Amino acid sequence: MVVFEKSYDVIVVGAGHAGCEAALAAARMGRSTLLLTINLDAIALMSCNPAIGGLAKGHLVREIDALGGEMGKNIDATGIQFRILNTKKGPAVRASRAQADKQQYRLRMKRVLENQDNLELKQAEVTGLSVENGTVCGVDTKVGIRYPAKTIILTTGTFMRGLIHVGLTNYPGGRAGDPPSIGISDHLRELGFEVGRLKTGTPARLDGRTIDFDRLEVQHGDAEPTPFSFSTDRIDCAQMDCHIAYTNEKTHDIIRSALDRSPLYGGVIQGVGPRYCPSIEDKVVRFPEKSRHQTFLEPEGRDTVEIYPSGLSTSLPIDVQYAMYRSIHGLEQVEIMRPAYAIEYDYVDPIQLHASLETKLIRNLYHAGQINGTSGYEEAAAQGLMAGINAALRVQEKEPLVLGRNEAYIGVLIDDLVTLGAKEPYRMFTSRAEYRLLLREDNADLRLRDKGHVVGLLPDEDYQAFQYKRTMIGEEFERLRFGKISPAASDPLFLEQLGFSGLKNSLTFEQFLRRPDITYSHLCQIDPVSRDVPAIIREQVEIQIKYQGYIDRQQLEVERAAKFEGTKIPADFDYGGLSGLSAEVREKLVRFRPDTLGQASRIPGVTPAAITVLAIAIRALGAR
Amino acid sequence: MYVRDTIAAISTPAGEGGIGIIRVSGDRAEDIAEKIFIRNMSGGMKSHRFYYGAIADPDEAVSLDEAMVVLMRSPKSYTREDVVEIQCHGGYLVVRKILDLVLKQGARLAEPGEFTKRAFLNGRIDLVQAEAVIDVIRGKTDAAVMLAQHQREGHLSLRIHEARENIVYALAMIEAYLDFPEEDIEFAEDCEIVNSVKGALGKIDNLIDGFDEGRVLREGVSVLIAGKPNVGKSSLLNTLLQEKRAIVTSVPGTTRDIIEEVVNIAGLPVKMLDTAGIRQTDDVVEKEGVRLALEKIAIADLVLFVLDGSRVFDEADGLILDAVAGSNVIVVKNKSDLAPVMIIPDLLLEKPAVEISTVTGTGIDALKELIFSTFIHNRAVDSREYVVLSQARHRDVLQKAGGCLKTFLENFGAGMSLEIVALDLRDALHALGEVTGETTPDDILDLIFQRFCIGK
Numbered sequence: 026m027v028v029f030e031k032s033y034d035v036i037v038v039g040a041g042h043a044g045c046e047a048a049l050a051a052a053r054m055g056r057s058t059l060l061l062t063i064n065l066d067a068i069a070l071m072s073c074n075p076a077i078g079g080l081a082k083g084h085l086v087r088e089i090d091a092l093g094g095e096m097g098k099n100i101d102a103t104g105i106q107f108r109i110l111n112t113k114k115g116p117a118v119r120a121s122r123a124q125a126d127k128q129q130y131r132l133r134m135k136r137v138l139e140n141q142d143n144l145e146l147k148q149a150e151v152t153g154l155s156v157e158n159g160t161v162c163g164v165d166t167k168v169g170i171r172y173p174a175k176t177i178i179l180t181t182g183t184f185m186r187g188l189i190h191v192g193l194t195n196y197p198g199g200r201a202g203d204p205p206s207i208g209i210s211d212h213l214r215e216l217g218f219e220v221g222r223l224k225t226g227t228p229a230r231l232d233g234r235t236i237d238f239d240r241l242e243v244q245h246g247d248a249e250p251t252p253f254s255f256s257t258d259r260i261d262c263a264q265m266d267c268h269i270a271y272t273n274e275k276t277h278d279i280i281r282s283a284l285d286r287s288p289l290y291g292g293v294i295q296g297v298g299p300r301y302c303p304s305i306e307d308k309v310v311r312f313p314e315k316s317r318h319q320t321f322l323e324p325e326g327r328d329t330v331e332i333y334p335s336g337l338s339t340s341l342p343i344d345v346q347y348a349m350y351r352s353i354h355g356l357e358q359v360e361i362m363r364p365a366y367a368i369e370y371d372y373v374d375p376i377q378l379h380a381s382l383e384t385k386l387i388r389n390l391y392h393a394g395q396i397n398g399t400s401g402y403e404e405a406a407a408q409g410l411m412a413g414i415n416a417a418l419r420v421q422e423k424e425p426l427v428l429g430r431n432e433a434y435i436g437v438l439i440d441d442l443v444t445l446g447a448k449e450p451y452r453m454f455t456s457r458a459e460y461r462l463l464l465r466e467d468n469a470d471l472r473l474r475d476k477g478h479v480v481g482l483l484p485d486e487d488y489q490a491f492q493y494k495r496t497m498i499g500e501e502f503e504r505l506r507f508g509k510i511s512p513a514a515s516d517p518l519f520l521e522q523l524g525f526s527g528l529k530n531s532l533t534f535e536q537f538l539r540r541p542d543i544t545y546s547h548l549c550q551i552d553p554v555s556r557d558v559p560a561i562i563r564e565q566v567e568i569q570i571k572y573q574g575y576i577d578r579q580q581l582e583v584e585r586a587a588k589f590e591g592t593k594i595p596a597d598f599d600y601g602g603l604s605g606l607s608a609e610v611r612e613k614l615v616r617f618r619p620d621t622l623g624q625a626s627r628i629p630g631v632t633p634a635a636i637t638v639l640a641i642a643i644r645a646l647g648a649r
Numbered sequence: 009m010y011v012r013d014t015i016a017a018i019s020t021p022a023g024e025g026g027i028g029i030i031r032v033s034g035d036r037a038e039d040i041a042e043k044i045f046i047r048n049m050s051g052g053m054k055s056h057r058f059y060y061g062a063i064a065d066p067d068e069a070v071s072l073d074e075a076m077v078v079l080m081r082s083p084k085s086y087t088r089e090d091v092v093e094i095q096c097h098g099g100y101l102v103v104r105k106i107l108d109l110v111l112k113q114g115a116r117l118a119e120p121g122e123f124t125k126r127a128f129l130n131g132r133i134d135l136v137q138a139e140a141v142i143d144v145i146r147g148k149t150d151a152a153v154m155l156a157q158h159q160r161e162g163h164l165s166l167r168i169h170e171a172r173e174n175i176v177y178a179l180a181m182i183e184a185y186l187d188f189p190e191e192d193i194e195f196a197e198d199c200e201i202v203n204s205v206k207g208a209l210g211k212i213d214n215l216i217d218g219f220d221e222g223r224v225l226r227e228g229v230s231v232l233i234a235g236k237p238n239v240g241k242s243s244l245l246n247t248l249l250q251e252k253r254a255i256v257t258s259v260p261g262t263t264r265d266i267i268e269e270v271v272n273i274a275g276l277p278v279k280m281l282d283t284a285g286i287r288q289t290d291d292v293v294e295k296e297g298v299r300l301a302l303e304k305i306a307i308a309d310l311v312l313f314v315l316d317g318s319r320v321f322d323e324a325d326g327l328i329l330d331a332v333a334g335s336n337v338i339v340v341k342n343k344s345d346l347a348p349v350m351i352i353p354d355l356l357l358e359k360p361a362v363e364i365s366t367v368t369g370t371g372i373d374a375l376k377e378l379i380f381s382t383f384i385h386n387r388a389v390d391s392r393e394y395v396v397l398s399q400a401r402h403r404d405v406l407q408k409a410g411g412c413l414k415t416f417l418e419n420f421g422a423g424m425s426l427e428i429v430a431l432d433l434r435d436a437l438h439a440l441g442e443v444t445g446e447t448t449p450d451d452i453l454d455l456i457f458q459r460f461c462i463g464k
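Those sequence lines, one after another, are chains X and D. The numbering of the first sequence is our numbering, which starts it at 26 and goes up by one. The numbering of the second sequence is our numbering, which starts it at 9 and goes up by one.
Bound conformation, chain X alone (with noise of 0.2 Å):
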């Protein structure tokens, strides 16, 4: 094994969502930084959905983007449709979402990576790690160079051993066009870690120029697109459409006949595939009763015929593939560019794991994305970034950050995987978030821009252009609460019209937007100093106004759990020495190491008088 002449402070392996991430985030903090990807030409490639956001996803994005994340400006960039999901239902359940033109979306994130300081890119594949006294120390390529580094990040995604089917037949793959990556997974286990498999599949991509679209009902973009990222101020491109087709019984007949012939049904795939993304045989197998399955034909870029057909995922035979496809009205006579298929690959329980996303076993090794069991890109981005500030954080010798539940959906995402572990492919949803008002993606700017800034990777331009429009939406809660709406001066025709007849004492402001039914735009009526708040920061503000009880109840349950979250259990606390602990509880105790009181708390089934002795115990260590 050749050492390479120089080392880093930080290797990343893989350089999909997570990677890039996780790169630009140890980059831009000033680390010397390399990242390793067995295909430089497949960086941030959308291996599936060529799409960014949705429910609880855009949250995520909007925290990536708040923390200096890229992910939102990539999307920006390179985003062909734009929409926000859920305009009907509150704020805290409003989502954006956004189709990517797949190759300007990797090309752009590839130059974003070039032009970085202190980021170097490299092609390699990564079979083992160098571990020295239980601290990474360098990892190891096929072809014989050892890159020494203080920390390493692993962001294999669906690599590691990943085994692609199609119907019956199966191969080594990472990804469709791509080699599986060998070796690492099995060092992996070697140095102890629990090794799972996990199984995950993609629709086959369609020649747009079978399809009679003309036949399909459409699906537009918003008329106004909304920019993911805090930083982007418009968005002027010309919007794609998508269309929406439906499968029907005719689908099903071929699908049912067909299952024989299935790997996921003849017993051939032994990981455990997403409950919310199942393949279009299982929700027919699944759901008899239901007569079609709806399908979103998405355009995977301007200069590409190619077509994305949401929800038909499947790892059938391909000849099954085309009868089934072609059974779709609008698509008798789709030609198939790349088939569907499904793969199996190696993931590590993230039990192993602290909330820094670095591994309890082997110090300074971080572990973000797939492997952790998540599935989708802004999951994967998410905790690349995290383990990409935590390793630098490392290097600089100073405190990891950890997003509490209450401060972030990351925080929330991570704190599942370190307590729960994954047993099958982890998606975000909402109701996930038990403080789902608070973490909104309005507000994801003033929830972490200060921590993004404070860990030096949000630049000074763009947290001074936050602390601007912090202090705006300060002045205007203040101009608001000592605003006056006097029933004397005030035509009583309009108060009437709002429900406000029989006005006695004057209402401020704030008062009467805190009303139901009424807006800033009722508000611009009376008050024509209103009319110039910038639309940003009435939206802000309005929120704030009208959410405010339900705010303050989930702030007072967030109080509340605060003692048990800041309680740090030490890593080499004794639970065997620890009596008034039930036999059961200690092992999962030891198990799992959790890191807090509060991460104790959510482990299944430890009990609230575990978590009571333990406290103790803790104090009383304190206290010697």
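It cannot be assumed that every hint is accurate.
Stated by the list, open to error - In silico lysine-lysine, DSBU-like type, Cα no more than 30 Å apart, as pairs:
#1 X:Lys98 / X:Lys494
#2 D:Lys206 / X:Lys114
#3 X:Lys135 / X:Lys147
#4 D:Lys414 / X:Lys113
#5 D:Lys408 / X:Lys588
#6 D:Lys408 / X:Lys571
#7 X:Lys175 / X:Lys135
#8 X:Lys385 / X:Lys613
#9 X:Lys114 / D:Lys414
#10 X:Lys135 / X:Lys98
#11 X:Lys113 / X:Lys588
#12 X:Lys588 / D:Lys112
#13 X:Lys385 / X:Lys593
#14 D:Lys414 / X:Lys571
#15 D:Lys84 / X:Lys588
#16 X:Lys476 / X:Lys98
#17 X:Lys114 / D:Lys408
#18 X:Lys31 / X:Lys147
#19 D:Lys206 / X:Lys571
#20 X:Lys494 / X:Lys571
#21 X:Lys113 / D:Lys206
#22 X:Lys593 / X:Lys476
By construction, these hints were calculated from the structure, which means they are not laboratory data. From a predicted model like this one, the values you see are computed outputs, not experimental measurements.
Put chain D on the given structure of chain X with help from the hints.
Relative to chain X, chain D alone:
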């Protein structure tokens, strides 16, 4: 979780005792005591001194009971927090009312073992000492203890689980609507969600109603035997006791004191109060007996109005009719072995009635049945299906959950945003979690994925 709120509980064993103690611990203990404890001395209470006075509801200015109160300031107390102990008379009702008053002033009902838990948390007792208590606390969620509780309390946990299922369903429907706007799935109708929550609320309300029955089963009830002299009140008591206790003579007015005896009716402890016959009298001793009897009528859980069926309804009977008008009454027509003469006045016709003979024993079982069913409405009491809430903690949990569900129904009906009304359902589940175990987001997602075909 250890929260520094103020807790309170009855510290003496349930049931009648000479003395009852309500213990309050936490920062607000003294504050609460000052609000409800009225005494002649001015100035604040000193630590570790007994004070004499009365407990009264500041809102109603009605004294509940005379009491001795002691304040033990932190850290010199059992929990090392400020502790107030209120000693009052030992009757269940009095103790319970004082506890309710303390809770009304802002204390929270203590969980089993919580005082000890706090003593432990504050470092007053060591781990070994506390382990026994820890077991109790842990018992809340342990399956084995749950099972024991299950057997003891019928299918309480099963019923609560059913309510939980209803709530989980409603929440899953709402979450699906919030989290999967792009899916081609049919969302639940509003009425489906409302019905599911109403179903849960109905089950919870039933359980809360059952709580009083559970209390009755454990604590017993008081039943007063009233009637004019010599209609057979003492004979009835002896028949129910199956032994002679009360002095039985045919001389009217023999019973002058109140005689108390406890009989067991199908597992229900019944404290029988035999009173002096009520009539106009000049005899001083007898007069006192009548006064006592009239007083007791007002506070008895049930009055057995005994009449002599072999005679006409006379003025003396009418006197008693006036006295029992506001009470829970069973009309007992005694002496059914003799020729029936009495015509029951219209005013009493709506009351449950039974004809008995203390001489032959006829009708005694029917009377017992009637007494029993007055308190225990569910006839399946002996079967395993019978669910009673015998612990105040459970009632607390259910009331909390029920309150959340009511808020949900109001807010949902008012068209409030779903991510907001979902909070109410989550709070309800969190409250029930004390009994059913915590409901995790994954439980909700499980149901969504089971019911809806989701996935792109």
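So, going through the hints one by one against the coordinates:
1. With a C-alpha separation of about 19 Å, the suggested pair Lys98 of chain X and Lys494 of chain X falls inside the 30 Å cut-off, and the hint holds.
2. Distance restraint check for Lys206 of chain D and Lys114 of chain X: the Cα-Cα separation of roughly 24 Å lies within the 30 Å cut-off, and the hinted pair is therefore satisfied.
3. Taking the CA atoms of Lys135 of chain X and Lys147 of chain X, the gap is near 12 Å; set against the 30 Å cutoff, the hint holds.
4. Taking the CA atoms of Lys414 of chain D and Lys113 of chain X, the gap is about 25 Å. The hint holds against a cut of 30 Å.
5. Pair hint Lys408 of chain D plus Lys588 of chain X holds up; C-alpha atoms about 24 Å apart against a cutoff of 30 Å.
6. Distance hint between Lys408 of chain D and Lys571 of chain X is fulfilled; the C-alpha atoms sit about 26 Å from each other, no more than 30 Å.
7. Annotation: proposed proximity of Lys175 of chain X to Lys135 of chain X holds, straight-line Cα distance about 24 Å (limit 30 Å).
8. About 15 Å separates the Cα atoms of Lys385 of chain X and Lys613 of chain X, which keeps this hinted pair within 30 Å; it holds.
9. A distance of roughly 22 Å separates the Cα atoms of Lys114 of chain X and Lys414 of chain D; the hinted pair therefore holds under the 30 Å criterion.
10. A C-alpha spacing of about 13 Å is found between Lys135 of chain X and Lys98 of chain X, which places the hinted pair at or below 30 Å, so the restraint holds.
11. Proximity of Lys113 of chain X to Lys588 of chain X is assessed by CA-CA distance (about 37 Å); at most 30 Å being required, the pair is judged violated.
12. In summary, the hint linking Lys588 of chain X to Lys112 of chain D is supported, as the alpha carbons are separated by about 27 Å, within the 30 Å threshold.
13. Taking the CA atoms of Lys385 of chain X and Lys593 of chain X, the gap is about 15 Å. The hint holds against a cut of 30 Å.
14. Simply put, Lys414 of chain D and Lys571 of chain X have alpha-carbon atoms about 22 Å apart, close enough for the 30 Å limit, and the pair holds.
15. The suggested pairing of Lys84 of chain D with Lys588 of chain X holds, with an alpha-carbon distance near 25 Å, which does not exceed 30 Å.
16. For the hint pairing Lys476 of chain X with Lys98 of chain X, the CA-to-CA distance comes to about 19 Å; that is within 30 Å, so the pair holds.
17. Simply put, Lys114 of chain X and Lys408 of chain D have alpha-carbon atoms about 28 Å apart, close enough for the 30 Å limit, and the pair holds.
18. About 13 Å separates the Cα atoms of Lys31 of chain X and Lys147 of chain X, which keeps this hinted pair within 30 Å; it holds.
19. Restraint check for Lys206 of chain D and Lys571 of chain X: satisfied, since their Cα atoms lie roughly 28 Å apart, inside the 30 Å limit.
20. Under the criterion of a C-alpha separation no larger than 30 Å, the hint pairing Lys494 of chain X with Lys571 of chain X is consistent with the structure, at around 20 Å.
21. For the hint pairing Lys113 of chain X with Lys206 of chain D, the CA-to-CA distance comes to about 26 Å; that is within 30 Å, so the pair holds.
22. Between the alpha carbons of Lys593 of chain X and Lys476 of chain X the distance comes to roughly 20 Å, so the proposed pair stays at or under 30 Å and holds.
Of the hints listed earlier, the one the structure fails to meet is number 11.
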